[in-house]
Every structure is written in C-alpha cells, then in structure tokens.
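Enquirer: One-letter residues, chain by chain:
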Amino acid sequence: DVKVTQSSRYLVKRTGEKVFLECVQDMDHENMFWYRQDPGLGLRLIYFSYDVKMKEKGDIPEGYSVSREKKERFSLILESASTNQTSMYLCASSLGTGRSYTFGSGTRLTVV
Amino acid sequence: QQPVQSPQAVILREGEDAVINCSSSKALYSVHWYRQKHGEAPVFLMILLKGGEQKGHDKISASFNEKKQQSSLYLTASQLSYSGTYFCGTGRTGGFKTIFGAGTRLFVKA
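Protein sequences, first through last, are from chains A and B. Residues in the first sequence are numbered consecutively from 50, following this note's numbering. Residues in the second sequence are numbered consecutively from 2, following this note's numbering.
The set of hints was computed from the structure by calculation and includes no laboratory data. Nothing here was measured: the structure is a model prediction, and the numbers come from that model. Idealized CB from N, CA, C, for every residue including glycine.
Where chain A lies over chain B, by a calculated footprint (3+ residues, C-beta under 8 Å):
#, stretch
1, 35-48
2, 93-102
Beta-carbon label-pair distances, calculated as ranges:
#, chain 1, residue 1, chain 2, residue 2, range
3, A, E111, B, F108, 32 to 38 Å
4, B, K27, A, M137, 22 to 28 Å
5, A, I126, B, G95, 24 to 30 Å
6, B, V44, A, R157, 16 to 22 Å
DSSO-like, lysine-lysine: derived pairs with alpha carbons at most 27 Å apart:
#, chain 1, residue 1, chain 2, residue 2
7, A, K104, B, K51
8, A, K119, B, K98
9, A, K52, A, K104
10, A, K102, B, K98
11, B, K56, A, K52
12, B, K27, A, K106
13, B, K27, A, K104
14, B, K98, A, K106
15, B, K110, B, K38
16, B, K51, A, K106
17, A, K120, B, K98
18, A, K52, B, K38
19, B, K98, A, K104
20, A, K102, A, K67
21, A, K52, B, K98
22, B, K56, B, K27
So here's chain B without its partners, still in its complex pose (with noise of 0.2 Å):
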C-alpha cells in the first residue's frame, strides 16, 4: 500500500520554508526521500532507517518516526533549484522492494 504523502503542492518564496509529511499505515523499516525535476530521474536525498533518527544535509532535513509510521522532510530557506516533485519511499523489515507515494509538487519563486 502506497504510503500517503501531503500537502500534494505548495507554492513558496525564495527564502520561506516547508515541511513535506509522509504516512504509512505498515511498520517501516525505512524511509527514503527523492526529489524529481521535470523531465529527468529522480535523485537520492536522504534515507533513514528504523531508530527514530533524524538527518540533514545543507538546509533539507528529514525525520523518522518509527512509532507513527510517519516521516517529515523539513526545506529551510527554500532556493529555486528546490523546486520539482519530493517523493518518500518506504521499505519493510525483511523486504526488498521499496513503495513511493504519489508525490508532492513543490514550486519555489523568486
């Protein structure tokens, strides 16, 4: 089952922030962040794994909560290269396959 991503879309200005929510209604063992822009693949942001961690890199950060089967990934000072579709992927313990959710549209403006 495909886990439930929101907002669909969000429009920000250079510089505002946003917070991408992805749910699932399995226990997760782990929960990947992609981001597509149009016309090309999507591209690896960040993973987390089972733990309740958290993780960050430049002004994108993500967390895991285990216990809710929820993800968040947090987009600080948003730039206009932010823009594009976020995907959230989630994996099984034991499994192998990865399942995304429908994706979240994301426009950044000057």
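Extracted from the complex, chain A is given alone in its bound form (with noise of 0.2 Å):
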C-alpha cells in the first residue's frame, strides 16, 4: 500500500521558533505538496513541488518555506513561527499532473 508519512502527528511550539515538518512518500511520486487545514477554510496550499530541488508557491506561502533535496521527502519550514500558524498541516504527493493525491495523517501544530 502506498504511503505519505508526516513524522509527527501532534506538535507544540513556541512563538518565534523555527518548525520543522517533515513529509516522506515511498510511491515514486514526482509531486509534493503542503496544505493547511482550518474550519470552515477546506485546503488551503502552502507550497507545492514538481521535482527535486524545484519548488513553487501556492495560495499563502508567506512565513513558510520548503525544501526537496530528495524526491521522496518534501519537508516545510516555519522560520519564526507565530500563533496564527495554528492549523493541522497536510502533506500530499501525487504522480503527475491530472492523477490522485495521497495524503498523510497530518500534523496538528499548535503555536503558544
């Protein structure tokens, strides 16, 4: 069975640390994405990948960042993380353009 792996399924930080939250896909998949999750909001995309070491923004990239140094692991950076970047984090891959998404579990960060 294919897999989309979040290394963590619950995380709590502090206001202005850096978060990490790392993504894992075994399927061969050459498209990666972040979403968050908020009520009411549905997916919202933060940043998304076609490639290796390519990436681009999506919908509200700002206070994020990412990075893919190897086509299995797409993983996402808040640089200084703030209280309004509580959400659930979705990670998503996907083998091309026009074919079915895999999520994972999620990551609940919660920012105090």
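Mind docking these for me? Both chains are given alone in their own frames, and the hints should help you get the complex.
Expert: Shown next as structure tokens:
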C-alpha cells in the first residue's frame, strides 16, 4: 500500500521558534504538496514541488519555506512560528498532473 | 481561487440520496473528489478529466461539466459510512497543483 508519512502527529512550539515539518512518500511520486487545513476554509495550498529542488508558491506561502533535496522527502519550514500558524498541516503526493493525491495523516501544530 | 462547494452541510437518513456541487470561475482540466473522516487523512474517491465525463463506483458517482466549470458528486442510498467531509479539488490545464474547496460536511444518521 502506498504511503505518505508525516513525522509528527502533534507538535507544540513557542512563538518565534523555527519549526520543521517532515513528509516522506514511498511511491516515487514526482509531485508533493503542503496544505494547511482550518475549519471552514478547507485545504489551502502553501507550497508544492514538481521535482527535486524545484518548488513553487501556493496560495498562502507567507511565513513558510520548503525544501526538497530528495525525491521522497518534502519539508515545510516555519521560519519564525506565530500563533496564526496554529493549524492542521497535510502533506500529499501525486504521480503527476491529473492524477490522484495520497495524503498523510497530518500534523496538528499548536504555536503558543 | 478556491472552487465553491454547496451545500456547506447536509444531514441525511440512511438510504437517502445527496448531491454535492463544486463550481469554479476558471477553466478546468480536472476535478478531484475526496472524503475525510474526523481525525483522518482525506481519501481519494475519484478524478474526472476534461471531456465532460461521468464516473462512479458502488453508489457514489460524479459528473464534470467542462463548459460550466462544474462538477457534482452523487451519493445514492447513503450508508452510515458515508459520513464525513467531502472536498472537491480543481486543476487547470498545464498546472501541477490542485486547489480545494472549503468542504461539505455530510452526516448520515440511522
């Protein structure tokens, strides 16, 4: 069974900390994505990557950066965590355009 | 821009039917449908590509009207297991990304 694994299920961080959220997929997928999920807002795209070392901004990239050094791993970085970044973060991967997404189980991040 | 889903929420009794709509202001190449149960990851239901097709499996099917930039998800003879939040996601021609709607919460009661 194909898998997208997010390293942490729950995280609590302090305001101003640098936070790393890790995502690994074992499907040899080209495309990887980071979304944040908030009640009533659905899934909003933060960043995505269509190849190793290639990345593009999504709809809400402010305050975030990403890294994709290897095909299977896509990291989301919060440069200086703020309370408005408290959210559920979902990683997903896809074989290509027009193909289904496989989502990870999510990381619930609380910034205090 | 996020696609617009309607209704925002729906309550059904077991055996009843439901339709969830998804509309976009942009020309679309693909429409995805996912279901997410509380505390779990969204799970893929189906994807429809440009061409106005209809797809289905079991009692869940969907249509894609390319000209109207709309898709509908049809749930027939609903079961308790259908409860969850349904998301549509839209992709544009030549694009890598999928933009998701705010979701439709569906609750099926016995």
